[in-house]
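*Asks:* What follows is the residue order along each chain.
Number of protein chains: 2
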Amino acid sequence: MSARTITVKENILGANKEKAEINRKLLTDHHILMINLMSSPGSGKTSLIMRAINRFKDKYRIAVIEGDIASSIDADKIRHQNVPAVQINAGGGCHLDAMMIKKALDSMDLDRIDLIFLENIGNLVCTADFDLGAHKNVVLLSVPEGDDKPRKYPVVFLDADVILINKVDVSPYFDFNLDAFPEMISSLNPSAEIFPVSAKTGEGMDRWFSWIEETLK
Amino acid sequence: MSARTITVKENILGANKEKAEINRKLLTDHHILMINLMSSPGSGKTSLIMRAINRFKDKYRIAVIEGDIASSIDADKIRHQNVPAVQINAGGGCHLDAMMIKKALDSMDLDRIDLIFLENIGNLVCTADFDLGAHKNVVLLSVPEGDDKPRKYPVVFLDADVILINKVDVSPYFDFNLDAFPEMISSLNPSAEIFPVSAKTGEGMDRWFSWIEETLK
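Protein sequences appear in the order of chains A and B. For the first sequence, our numbering assigns the number 5 to the initial residue and increments by one for each residue that follows. For the second sequence, our numbering assigns the number 5 to the initial residue and increments by one for each residue that follows.
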């Protein structure tokens, strides 16, 4: 990257960070926890959110912000569960920014929400740079993607509060080393909590749900 | 995106396109075919290249350009096969550009190469915008990612000459509709060739290898 590119990027990220802090304060003032879910395309973000909705919909008031390049497939699935979902289409961009989230929050009834899942665009690179105002960052890595992804795409894993290893139900068919993974990640991010789960079968979801409840307190 | 962002983006893409044409001409003048492989992280780009190396290494002189955000894991694997591999680390960027490829080509002995695989950064968004000078664009979509990805990330699929559906060996464990996929893709890209393959088991690789040989002619 040229020096000029770096300067432009720093200015953009600085302005974004300010707006992200405004979003975070707005949410905190309304006693809302917002969780930012990031992963590659197809790691299972929507399925994971659907599981949490089924578990918590009678206990907490949940809403979802759906980031996508195109389409509203995921938001439609969420609304089908009678949970409010705001769709953001980023078009040619590869990431969401704090201003897009602000607009989404402005369209929601924040006095009637306890928990917002922010489903980020499927991307391990661009999404990592943009603070959106969430309180917690959760990265999903699915077993079929392989256990070398944190070494190849380190930035998104650096700031993760939780790393969910999804699709553990198919681990017999892939080479993902679940036992060695915590040690592999410890040099990059020693404080991340790691939960192996399957959004499909429900395996391992209890620890993840307990973490959400503890964080909501 | 603001109008200013769009203008900056158009200028960047225009300058990149010019350099991409220079790369393509350089390769064509040396009778080299360059294939640009794009996918999400973990779809199997490296495994696919390893299969092609094993099949063709006694027949064609192969080289690989490896794009990554960080690390040289993949280039190391390739070099272990006694095939020249140039590693490009994009750092904070989410894509490669034509100038990076030009530098890689300048470091290679182009008179001794027939076929270059360009393994792009694992990303379905940014990579789609940047012409790198390859002759053919190949997109990998793996079965665990789900068959809805072309609707969610359409741009990268629009310009694909070939779409490889990888990891078909695990299709019994996922909901990917292989039979319906060609019709799903036809409205987006009617001319793309679609090859279901497994880089792991070798299933379906013959059609993909035949396509490479036909294209090399």
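Warning: the hint list may mix true and false statements.
Each pair may be met inside one copy or between any two copies, as identical chains are not told apart.
SDA-like mimics (lysine to any residue), calculated; alpha carbons at most 20 angstroms apart, straight line [stated by the list, open to error]:
id, residue 1, residue 2
1, Lys107, His35
2, Lys156, Phe213
3, Lys81, Arg59
4, Lys107, Gly18
5, Lys204, Asp152
6, Lys81, Lys156
7, Lys204, Val159
8, Lys140, Glu218
9, Lys63, Asn93
10, Lys81, Gly150
11, Lys63, Asp173
12, Lys107, Glu14
The hints are simulated quantities; they were obtained by calculation from the structure and are not laboratory data.
*Asks:* Taking the hints in turn, state whether each one holds.
*Replies:* The hints, checked one at a time:
no.	hint	result
1	Lys107 with His35	within (19 angstroms within a copy, 52 angstroms between copies)
2	Lys156 with Phe213	neither (29 angstroms within a copy, 28 angstroms between copies)
3	Lys81 with Arg59	within (16 angstroms within a copy, 44 angstroms between copies)
4	Lys107 with Gly18	within (19 angstroms within a copy, 32 angstroms between copies)
5	Lys204 with Asp152	between (23 angstroms within a copy, 17 angstroms between copies)
6	Lys81 with Lys156	between (32 angstroms within a copy, 14 angstroms between copies)
7	Lys204 with Val159	neither (27 angstroms within a copy, 29 angstroms between copies)
8	Lys140 with Glu218	within (12 angstroms within a copy, 51 angstroms between copies)
9	Lys63 with Asn93	neither (30 angstroms within a copy, 46 angstroms between copies)
10	Lys81 with Gly150	between (28 angstroms within a copy, 15 angstroms between copies)
11	Lys63 with Asp173	neither (28 angstroms within a copy, 41 angstroms between copies)
12	Lys107 with Glu14	neither (23 angstroms within a copy, 26 angstroms between copies)
Figure legend: structure checked against the earlier numbered hints; hints not met, in rising order: 2, 7, 9, 11 and 12.
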